[in-house]
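These protein sequence lines are chains A and R, in that order. Note that the UniProt record's numbering has the first sequence beginning at 1, numbered continuously upward. Note that the UniProt record's numbering has the second sequence beginning at 1, numbered continuously upward.
Derived from the structure by calculation, the hints contain no laboratory data. In this text the structure is predicted, and so the values were computed from the model without any measurement. Note that the Cβ used here is the ideal one computed from N, Cα and C, for glycine as well. Careful, some of the hints might be misleading.
To be verified - For each label pair, taking beta carbons as the anchor points, the in silico distance ranges come out as: (1) Thr63(R) to Glu159(A): 29 to 37 Å; (2) His8(R) to Pro183(A): 43 to 51 Å; (3) Gly64(R) to Glu216(A): 29 to 37 Å; (4) Thr63(R) to Glu216(A): 27 to 35 Å; (5) Trp116(R) to Ala165(A): 32 to 40 Å; (6) Gly281(R) to Ser152(A): 30 to 38 Å.
Said to hold, decoys possible - Just some of the chain A residues that point at chain R, by a computed CB distance under 7 Å: (7) Ala59; (8) Thr63; (9) Val85; (10) Arg86; (11) Val89; (12) Asp93; (13) Pro94; (14) Gln95; (15) Val97; (16) Leu190; (17) Val191; (18) Trp265; (19) Ala268; (20) Val272; (21) Arg276.
Number of protein chains: 2
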Amino acid sequence: MTAAWTEHPATSLRWRPGDRLDALDTRSTPGYTGRKRAAKVLRAGHADDLSDLQERLFAHGRTGGVRSVLLILQGMDTSGKGGIVRHVVGMVDPQGVRCRGFGRPTPEEQAHDFLWRIRRALPSPGLLGVFDRSHYEDVLVVRVEELQPEASWRAHYDEINAFEAEIAAAGTEIVKVMLAISPEEQLERLVSRLDRPEKHWRYDPADLRARERWGEYQAAYQEMLDRTSTDVAPWYVVPADRKWFARLAVSELLRHTLRGLDLRWPAADFDVERQRRLLTGG
Amino acid sequence: MTAAWTEHPATSLRWRPGDRLDALDTRSTPGYTGRKRAAKVLRAGHADDLSDLQERLFAHGRTGGVRSVLLILQGMDTSGKGGIVRHVVGMVDPQGVRCRGFGRPTPEEQAHDFLWRIRRALPSPGLLGVFDRSHYEDVLVVRVEELQPEASWRAHYDEINAFEAEIAAAGTEIVKVMLAISPEEQLERLVSRLDRPEKHWRYDPADLRARERWGEYQAAYQEMLDRTSTDVAPWYVVPADRKWFARLAVSELLRHTLRGLDLRWPAADFDVERQRRLLTGG
Chain A
1 MTAAWTEHPA
11 TSLRWRPGDR
21 LDALDTRSTP
31 GYTGRKRAAK
41 VLRAGHADDL
51 SDLQERLFAH
61 GRTGGVRSVL
71 LILQGMDTSG
81 KGGIVRHVVG
91 MVDPQGVRCR
101 GFGRPTPEEQ
111 AHDFLWRIRR
121 ALPSPGLLGV
131 FDRSHYEDVL
141 VVRVEELQPE
151 ASWRAHYDEI
161 NAFEAEIAAA
171 GTEIVKVMLA
181 ISPEEQLERL
191 VSRLDRPEKH
201 WRYDPADLRA
211 RERWGEYQAA
221 YQEMLDRTST
231 DVAPWYVVPA
241 DRKWFARLAV
251 SELLRHTLRG
261 LDLRWPAADF
271 DVERQRRLLT
281 GG
Chain R
1 MTAAWTEHPA
11 TSLRWRPGDR
21 LDALDTRSTP
31 GYTGRKRAAK
41 VLRAGHADDL
51 SDLQERLFAH
61 GRTGGVRSVL
71 LILQGMDTSG
81 KGGIVRHVVG
91 MVDPQGVRCR
101 GFGRPTPEEQ
111 AHDFLWRIRR
121 ALPSPGLLGV
131 FDRSHYEDVL
141 VVRVEELQPE
151 ASWRAHYDEI
161 NAFEAEIAAA
171 GTEIVKVMLA
181 ISPEEQLERL
191 VSRLDRPEKH
201 WRYDPADLRA
211 RERWGEYQAA
221 YQEMLDRTST
231 DVAPWYVVPA
241 DRKWFARLAV
251 SELLRHTLRG
261 LDLRWPAADF
271 DVERQRRLLT
281 GG
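Given these sequences and hints, build the entire structure.
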């Protein structure tokens, strides 16, 4: 924490019972008083620390430890999930990272329970897993597009909570981040994609459907937050109209989570001095 | 290419019939006349280009393309494979990267053909796959430690060439890098691991066994290079006593490979102006 933060994002951004998504100012920067340039400098300044913490986790996994971290990113199209992966997750050693995006389920995935593909993508001990979309799509797009009967997706809330409690108990620290943007900001970002031919591949006319149903998605997000923000797997709602704030905030949440694991460097399970003699022939 | 390179590493480091590993100066910097600081600046200066090329590959994969890249890293302990992953692969978006390390095979892996675990880890279209060790362990440690009869590992050379030709034909561009260090440099690096408690987890007394058999490993590497450097999957031997040179060289090899794919940004498969009108209500 530095002077620019008046409150840690792990506190200020954590979803609380009674919070209303429609009351959130998506351009705000809760707990942070600095500006864009200072935010970038601040984040860059924490790169070594983040990297060190991630390497401790990796070392822990290599020496029999069971802890892992799972960062789940949700948000409307263009909310900046990919940017978080590139600019925040990209700050640490890719060797210790497993990224996975979840789009429309494949036929094979659809033949299974909705958590099947999720379980297969969970980070092994020592790894930082990153989900760009996740099992939460099953209470978001599935709900809004009426891909399943209500009784079916409604059951998912409890199923998700039980699932997350199970993997948390097995050693996975879960950080759930919803990137919240306004429809106006999304419009700007979509138009900007159209303006730049190198971004056309990221534009899908079908995405406009979700935009037309903004209110329904917000209601689905609201209930998701209300029903699945638990002590072992809390939601953080990050105002994301300002990309620099979202990136700074998520990097702090990740750092906070890794630090919370309180991992020491594994101790040598060999005689250091003896090895030195063996090596140097002394 | 810039002034500091007199010959592109794709040329100067490429293994040629008749090359001798024991004639290589592992402190040399073939084709490069600059020094350490300039090398770091040069590599950092290419970060955007490398990132752009990798994103084109990713976009290509997202739009039905079949190309992928597989970077295979081999080398003795402490040769800097992990550093290449962190410092070179770490320059691009982790979303498009799949890293996999291959250690001693698990019982499940051992129950299968030696290429089974390799096939399962191949990069999907659009991805950059990175192998820290690989199927080449089956003609290296397996040979030197006599884990299989000679007839068995000897058959692997042809099997590997057939396998790599098959995946190359399916769209995977293969870059094989051997990081070559001297035993003296390895000694320094091992002692340095002993000196730093936070590096003890990376030190394994069992690794000394490979060090004692340095000559046998060099012979195994020599034959590996002679037998498996093919047109579709050439080996590059990178002198790696100077980490900064190895990192610069591999970043250039990766850039060269990605550029060779000659991928354009995918064209829009929708009417851009119509989408603009739909979005802006114009």
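How the hints compare with the structure:
Here the CB-CB span from Thr63(R) to Glu159(A) is close to 34 Å, well matched to the stated 29 to 37 Å. About 49 Å separates the C-beta atoms of His8(R) and Pro183(A), a value consistent with the hinted range of 43 to 51 Å. Restraint check, Gly64(R) to Glu216(A): a C-beta distance of roughly 31 Å satisfies the suggested window 29 to 37 Å. Taking the beta carbon of each, Thr63(R) and Glu216(A) are about 29 Å apart, inside 27 to 35 Å as hinted.
Range check, Trp116(R) to Ala165(A): Cβ separation about 35 Å, and the 32 to 40 Å hint holds. Taken as a hint, the range 30 to 38 Å holds for the pair Gly281(R) and Ser152(A), whose Cβ atoms sit roughly 36 Å apart. With a cut of 7 Å, the hint placing Ala59(A) at the interface with chain R holds, because the nearest CB-to-CB distance is about 4 Å. About 5 Å separates the beta-carbon of Thr63(A) from the nearest beta-carbon of chain R, less than 7 Å, and the hint is met.
A cut of 7 Å between beta carbons decides the hint on Val85(A): the least distance to chain R is about 5 Å, and the hint holds. A least Cβ separation of about 4 Å between Arg86(A) and chain R falls short of the 7 Å threshold, and the interface hint therefore holds. Against a cut-off of 7 Å between C-beta atoms, the interface hint on Val89(A) holds, since the closest Cβ of chain R lies about 5 Å away. The restraint placing Asp93(A) at the interface with chain R holds, with a minimum CB-CB distance near 4 Å, inside the 7 Å limit.
Because the smallest distance between the Cβ of Pro94(A) and any Cβ of chain R comes to about 5 Å, under 7 Å, the interface hint for this residue holds. Interface hint at Gln95(A): satisfied, since its Cβ lies 5 Å from the closest Cβ of chain R, which is below the 7 Å cut-off. Taken as an interface hint, Val97(A) checks out: its beta carbon lies about 5 Å from the nearest beta carbon of chain R, inside 7 Å. A least Cβ separation of about 6 Å between Leu190(A) and chain R falls short of the 7 Å threshold, and the interface hint therefore holds.
Hint status for Val191(A) relative to chain R: holds, with the closest Cβ pair at about 6 Å, below 7 Å. Checking Trp265(A) against chain R by beta carbon gives a least distance of about 4 Å; that is within 7 Å, so the hint holds. Of the supplied interface hints, the one on Ala268(A) holds, with its beta-carbon coming within about 4 Å of a beta-carbon of chain R, less than 7 Å. Satisfaction of the interface hint for Val272(A) is found here, the shortest Cβ-Cβ separation to chain R being roughly 6 Å, below the 7 Å cut-off.
With a least beta-carbon distance of about 5 Å to chain R, the hint placing Arg276(A) at the interface is held under the 7 Å criterion.
No hint from the list above goes unmet by this structure.
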